[in-house]
Each structure stands twice: as structure tokens, then as C-alpha cells.
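> Here is how the chains run, residue by residue.
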Amino acid sequence: MDTRIDFYPTHQHGAYKLRPGRAFPFGTTLVPGGVNFSISSGHATACTLVLFEKGAPEPLVEIPFPDAFRIGNVWCMVIFDLDFERIEYGYRMDGPWDPAAGHRFDKTKILLDPYAKAIGGRTLWGKPPDWNDIYPQRARLVFEDFDWEDDRPLETPLADLVIYEMHTRSFTAHPSAGVKHPGTYAGIMAKIPYLKELGVNCVELMPIFEFDEFENSRPNPLSGEMMYNYWGYSTVGFFAPKAGFAATGPFGMEVDEFKNLVKELHRNGIEVMLDVVFNHTAEGNERGPTLSFRGIDNQTFYMLTPEGYYYNFSGCGNTLNCNSPVVRNMVLDCLRYWAAEYHIDGFRFDLASILGRAPNGAPLPNPPLLESLAFDPVLANCKLIAEAWDAGGLYQVGSFPAYGRWAEWNGKYRDDIRRFLKGDDGMVPVMAERIQGSPDLYGWNERGPTASINFITCHDGFTLYDLFAYNDKHNEANGEQNRDGGNDDHSWNCGVEGETDDAQINALRRRMIKNALAILLMSHGIPMILMGDELGRTQRGNNNTYCHDNELNWLDWTLRERNNELFNFTRQMIALRKAHPLLRAGEFFGRNGSPADIIWHGTQAWKADWSEDSRALAFMLRERDAGQGGNTTPVLYMAINSFWDALPFELPHLPIGYHWHLFANTSLPAPDDIQEPGQEVLLDENVRSFLVGGRALAILVGRPQSQT
Amino acid sequence: MSIEVEAFPRDGMTVVVVRGEIDGSSAPSLQEKILPLLQDGSALVLDLGTVSYMSSAGLRMLLLLYRQAAAHNGRVALAGLAESIRDTMEVTGFLKFFTVANSVEEALTTLRQG
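Protein chains in written order, with the working numbering: chain H, 1 to 708; chain E, 1001 to 1114.
Hints are not guaranteed to be accurate.
[As the list claims (entries may be wrong)] Quick list of the computed label-pair ranges, beta carbon to beta carbon:
(1) E:Ser1103 <-> H:Asp6: 45 to 51 Å
(2) E:Thr1050 <-> H:Ala374: 51 to 57 Å
(3) E:Thr1050 <-> H:Lys196: 35 to 41 Å
[Claimed, not checked] Stretches of chain H that chain E covers, calculated by requiring three or more beta carbons in the stretch to come under 8 Å of a beta carbon on chain E:
(4) 28-42
(5) 179-189
[To be verified] Calculated cross-link-like contacts (lysine to aspartate or glutamate; reagent style DMTMM-like; alpha-carbon spacing at most 25 Å):
(6) H:Lys54 <-> E:Asp1087
(7) E:Lys1096 <-> H:Asp151
(8) E:Lys1033 <-> H:Asp145
(9) E:Lys1033 <-> H:Asp83
(10) H:Lys422 <-> H:Glu341
(11) H:Lys107 <-> H:Asp130
(12) H:Lys180 <-> E:Asp1087
(13) E:Lys1096 <-> H:Asp145
(14) E:Lys1096 <-> H:Asp150
(15) E:Lys1096 <-> H:Asp130
(16) E:Lys1096 <-> H:Glu144
(17) E:Lys1096 <-> H:Asp147
(18) E:Lys1096 <-> H:Glu53
(19) H:Lys191 <-> H:Glu497
(20) E:Lys1096 <-> H:Glu341
(21) H:Lys412 <-> H:Glu446
(22) H:Lys191 <-> H:Glu155
(23) H:Lys191 <-> E:Glu1083
(24) H:Lys196 <-> E:Asp1087
(25) H:Lys607 <-> H:Asp424
(26) E:Lys1096 <-> H:Glu85
(27) H:Lys191 <-> E:Asp1087
Rather than coming from a laboratory, the hints here were simulated on the basis of the structure.
Note that beta-carbon positions come from the ideal geometry of N, C-alpha and C, so glycine has one too.
Turn these sequences into a full structure, and let the hints guide you.
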């Protein structure tokens, strides 16, 4: 029985029954009998709610907000008896058109609610849109009644994470994926057993906030194939999951499908991290479309030059004004919403340095947004990871304002490991920093190795296979005469550019891939693996595949058979990391509370060669008390030879009663390249030195011999 | 959207045949027609073999019915779901909350055992 008087309308507009709404929360909320609509603009003079029947070309009704329904800068209204499943809504905002002053109001445009929780218009991936639609991407209403049962974010300690960076569509769009719903959230769900077998415990999804794959879409000048805004680093709506990534998107159930994916991943011990893009929006610069923010409150939402043009610190036309108090609140609302409503475990912030800029673009010493996120109660246990640079030249790896919370994509880790692997001079000293969690970057300000997200490859740049198959980028397919994409790949093709039948070169490439994965998973800090690197995925030398909905991005699952040795190697390396807490300590070795030390060696034990032309480095990880007083913790030893010829590494002494066992040796062909942790091969008692092949590495475990 | 409901007793249980599309506009009347059939401890088979479309609101109505039945110690089974509806229920997580059978016969057997 309806027992409250506010379940009943007080006002009327034609056949529609209304009541003054509640200002909070912004966006739409289903309330008894109706829907609460709330939107703010600091400079609009009037606001009209526009309702559509789903998909209809013209509005069903337009309801101007009565004066009495405005509180401060917020218009809010409850409408009763809406068949909310069949409704789409937008707003018209009236106000000044004065670009020099930053205002671009245009009441002929129908605008998307920045807080829209579901967005129609692109619900089936790749379906050509109606370019004449007066309101192409439309806000919809959602049920927020998902049954999570006992689920909540997993709160896996940061030090224990093994992150897998992936694109929702790319993961299962390839026909070889063999899933019922290719390229969708449901597709990921079907592949959970694969992720578990690999052993990763966190998936980082490239953007899943609603974007428009047709933004700047165009036929490829070479092939005629359509090129899309495929990766999705261009947000249309910050509160809505990409409907075109949902098998049920055409039925408007993307919210449930995505929540169910998160729940199922959690049930399998896998966290979900979202790659979020708050640095710019899909509206571009002054020549871009007016979809939402520009027409609602341009001066508030964007960083503008004194002349009213758009600052472009993102390289994408505009820059979201993240440290204006209004936008800061929106970002906070958004992340809270994803954490609370979707149980998201963490966020990776694209071009996060922009989030530390003032409205005039100047970097702030104490950016209020970053501080708010770090101390927010809802986000208290969420992982916060910064891509600590932007396209405006701000580079903050090691100095991103952290507040004891923020981790960073360690771009220096990527560059240094690559240079060492390909054999550059003078890399041994810096390798020592990277392997122990980059204390040169994070050894101050109460940060630790968990501030360092270690990666050698990510979606930007070469895949791991291509890193050792191409000296140069080959981006012709992007249609920009190979001008796009980075030029600092630090890659090495192992002798031939691209694919080859040369068995020796192919063996070397496999070895280099294994070397890279082994270093990544032995390093202190948080490892991140790029989707498919465990299978030798190639992008044919393209280091910027942002626009391709084809095999350049899709994971080819037949690689599982062809490159099973890479899969197995990766899986065992992850298993080793899991088996040895030494590899996952939250403190730098030898410091503070760390019970363990890292001891550097070279080809001579206890004597690392730090010289300019040194290409060999070995290290031993051990608990300080290992071998004493009943402490039988294993000791780990890794010898890396980046020289072209084999080198003998003198082995350091072990605690009494310990014996050397071989876990991995990348110079050996599979299956002898790696063992299951715990099943390592016992070395002869008299071995004092271990020969590591050219461009190879070995991992040894010292432990008391198991009783057999 | 019109929705038709026909109920008849079978082996001490009730089979409810639903015809039409279940969405936000038809769900309330469907719920109104089925609720009275949920007596204490009753067993209900919803034959959805001729339901061609079920929206998000329709699924929620079904789950509501299911939970209302459980609150009255009753049991509900769904029979004859179209593949597309079953798919949607599966990927959105709804399916696992229900007892589902391929046919009315199978549903009756399941409920009898349950």
C-alpha cells in the first residue's frame, strides 16, 4: 500500500503528472510511482526535459522545468507513471552563446545527461548509425536492483596482484574464440577458465564507459575496411557501460550483464579494474559535436584558453576541467558509483597528470581531485593507478601526487627493461633499480614497490612478440602514412623485420619473450601483462592499433595450440610468484620491515659488474634468517645474460642444508625451459657455476632437498 | 501489449500457460493474474514456450514472482524458454535464481521431486 503522500503528484504538464524532485542524487533515480530527474548547470537560464519513445525520431513530449522546480543551479523533477523501460530522455538548455566567454548554449540541441546510467544509440557494436538522428546517443533509465548475493570487491592486497590488460571486444571477437557471444562481456565470462588457468587475478579492462565507435570513423584508404574509434578512449557517458560490448545491449540489459561479469570474475578470485578516461570527452574541440557537456555548461566542464578555445592537454581536442569543484564532484560521484554499484576493484586513470592541472592548465602542487579520491570513504579500498603523464608534456613517473594511495604505470620500467633486453650499453645499474621495485622512483614519500605497476608492454605500442620481431613501427594500415604512434619502442627484430621461416630467429624471439616475462614476474612491484602476450600475439608491427576492428586487435585463440610453450612459461612464472611471498613483499628489500634482502651478483658471485659494457646481472632473494633457527624459506636466484654469447655465472653459497634446483632456463627448448614450482630439477651437488646461454636467463631455487 | 494467461491443474500442481510478450507494460497485469495462484505451499509451472520476447522489466517481474512464491513456501519452475530469452537470462545472471526445465513435463517432474 502506498502510505506516503510524496508518492503522489502535485503538478501537471498535459497528461504528465509531476512533483518537484530531489536535487540529489544527480541523474535519474527510480522512485515510487515515478522517476526523479536532476541536472545542474552553472550558467543555463532554463532547462527542458525531452522524452522520447525508445528509438523514435521525434520527442514524445518536452516538459520545461517549472520555476519552482529549480534549487540553486539544479533542476529536479519527478514524473509519474512513465513506462521507464520504453523511455529515452535528454535536455535542452537555454543560455548565452558567447564562445569568447566560454558559453556555447544552443537550445536547438538535445543533450545527454552527464549522469546517464545507460545510453542507447550504439547498442549493437558496429551497426551504422542514423546520421540524421537529432539525438544520437540517448540517456536511458536503469534498474538498480542487481542481486549481488555475498559479493563485494575482493580487496586483494596490491602486492599480490597480477594484472591482465585487455580489451573487451578484442578478447573474444575472433572466430577462433569459440564463444556464443563473441566480443562481449558474456564472452569474457565464457573465458574465465582460461584466465584462471593462466593465473592472473585482476583484469584491467580498456575503456568500457559508453563511447561512440563511429566517432571519426572512416574507410581505410588502403583496404576500404571501416576504421573505428575501436579502443574507446573517448568517453560519451561516464556512468554507463558500453552497451555495444554487451550481448544483451540490444535488449537494454548491458547493466545487468556487466554486473554479472564482475560477480562471476570475483567468484573466481579475479578482480576487475577499469581504465577510465577523465582527461577529455568525445566532444572534441570547437569543431566537434555538441553531445552533452558543451551544451550544458561549457565553461565549467572544459579547460578554456582566455579566448574561449579548448586547451588540448589530452591530444584529443579538449580537456576536462577536473579541478573545477563541479567536475571534481562528478568524477568522484562517478567512481563511487562504479565502486558501490558495480563492485569495481580499482581504476587506472588514462593520462592522469591532467587530473592534477588547474583550470588554467598549470600543474597543481596539491590537486584537490587526486586528494579527494585518495581519501574518499567509498573508494577506501579501491586500487588507484595513474598513467602519470599527459599529452601536454607533464611527466610525473615517480612524482605523481600519491597521498599514500596512488600507484603509477611505471613507464621507466618498460623502457629500461626493453633497452637492457636488446643489449644497450650501461643498463645494468638501472636494471637493479627496476628489479627491486624502482626505489629510485618510489623510495621516498612513504611509497613502496607497490607504487610501481611494472609492465613491458601495454595496449599503447608493440605487443611483446612484435617487440622482438620489428625494429620499426608499421602503422600504414592506420591511414596516416606511418606518422602516428610512438617512435621510441626500444625494439629489436632479432635479425629480420617481421615474419620469417628462419628457425633460429624464431627460437631467439621465443627466448626473448620468455626473458621479458620472467623478468617482469620476478621484479618487485605489480606485474601487468598485455592480453595475448602469453600466446605470442602479433599486431604485425603496428604500434597504435586504436582504430582496427580486425585481426590486428583480436586475440587469435589458435595461438594457444601453436604457442603453448609461451602460455605454459607464463603460467609457471605466475605460479612461481604466487608460491614465493619473497616476490610479493610490500616493502623494498633491506628496508623498514622487510625481512628479506636482495643480493647482487654477476658472473662472479657477490660481485656484480655495474660497468658500461656489462650485460650480465644476477641476484639472490632471501629471508635474512633463511637456513637458521628452523627457517627453511627457499632462496631465489636469477641470472640474466643479455650478452650474445653464453656466460658462466658463479653461484653464491647457500645456507647449510640447502641445495640448488633449476626452475627455469630460457636457453633450453620446451618443455625443459620451465618446471612447475616445487618440481624444480635438483642440480648436481658439485655445481659451482651455471652456464647461461646467450640472451637467456635462468632461475634457480635454493631449498632444503625434499625427502624422497 | 496484451498478454494471455491460462491456468489449469495438473498432478496436484498448477500449469500456467503464458502467451505474448512480457515487458514493462504487460508485466503488471501478468503479475496480477499469477499472484492469486500462489497459495501457501503451491507448485507452479510457468509455460513460457510461446513467449517470444521478455524485457528487462519482464525478467524482474518473474524474479519477483519467484521470490513471492518462496516466501509462501511455494515453488515455481519455468518451462520452454525460447533460446534467446534463456541466453539473456544466463548472461545477466537471472537464470541461476530459477528452476528451469526444457518442457512442462520435465518441470512437473522437477517440482515433484523438489
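> Does the alpha-carbon distance linking Lys191 of chain H and Glu497 of chain H stay inside the 25 Å limit?
violated (33 Å)
> Given the hint that Lys196 of chain H pairs with Asp1087 of chain E, test it: the Cα-Cα distance must not exceed 25 Å.
Cα-Cα ~24 Å, so holds.
> Starting from Lys54 of chain H, check that the Cα of Asp1087 of chain E is at most 25 Å away, please.
holds (23 Å)
> Is the Cα-Cα distance between Lys191 of chain H and Glu1083 of chain E 25 Å or less?
Between Lys191 of chain H and Glu1083 of chain E the Cα gap is close to 21 Å, so the pair holds against 25 Å.
> Does the alpha-carbon distance linking Lys1096 of chain E and Glu85 of chain H stay inside the 25 Å limit?
holds (23 Å)
> Is it true that the CA of Lys191 of chain H sits at most 25 Å from the CA of Asp1087 of chain E?
Status holds; Cα separation ~16 Å.
> Against the 25 Å threshold, does the CA-CA distance of Lys191 of chain H and Glu155 of chain H hold or violate the hint?
holds (22 Å)
> Check the hint pairing Lys1033 of chain E with Asp83 of chain H against an upper bound of 25 Å on the C-alpha distance.
holds (20 Å)
> Need the status of pair Lys1096 of chain E, Glu53 of chain H: alpha-carbon distance at most 25 Å?
violated (32 Å)
> So the hint says 35 to 41 Å: do the beta-carbon atoms of Thr1050 of chain E and Lys196 of chain H match that?
holds (40 Å)
> Is it true that the CA of Lys1096 of chain E sits at most 25 Å from the CA of Glu144 of chain H?
holds (19 Å)
> Verify the proposed pairing of Lys1096 of chain E with Asp150 of chain H, using a straight-line Cα cut of 25 Å.
holds (15 Å)
Hint violations for this structure: numbers 4, 10, 15, 18, 19, all remaining hints satisfied.
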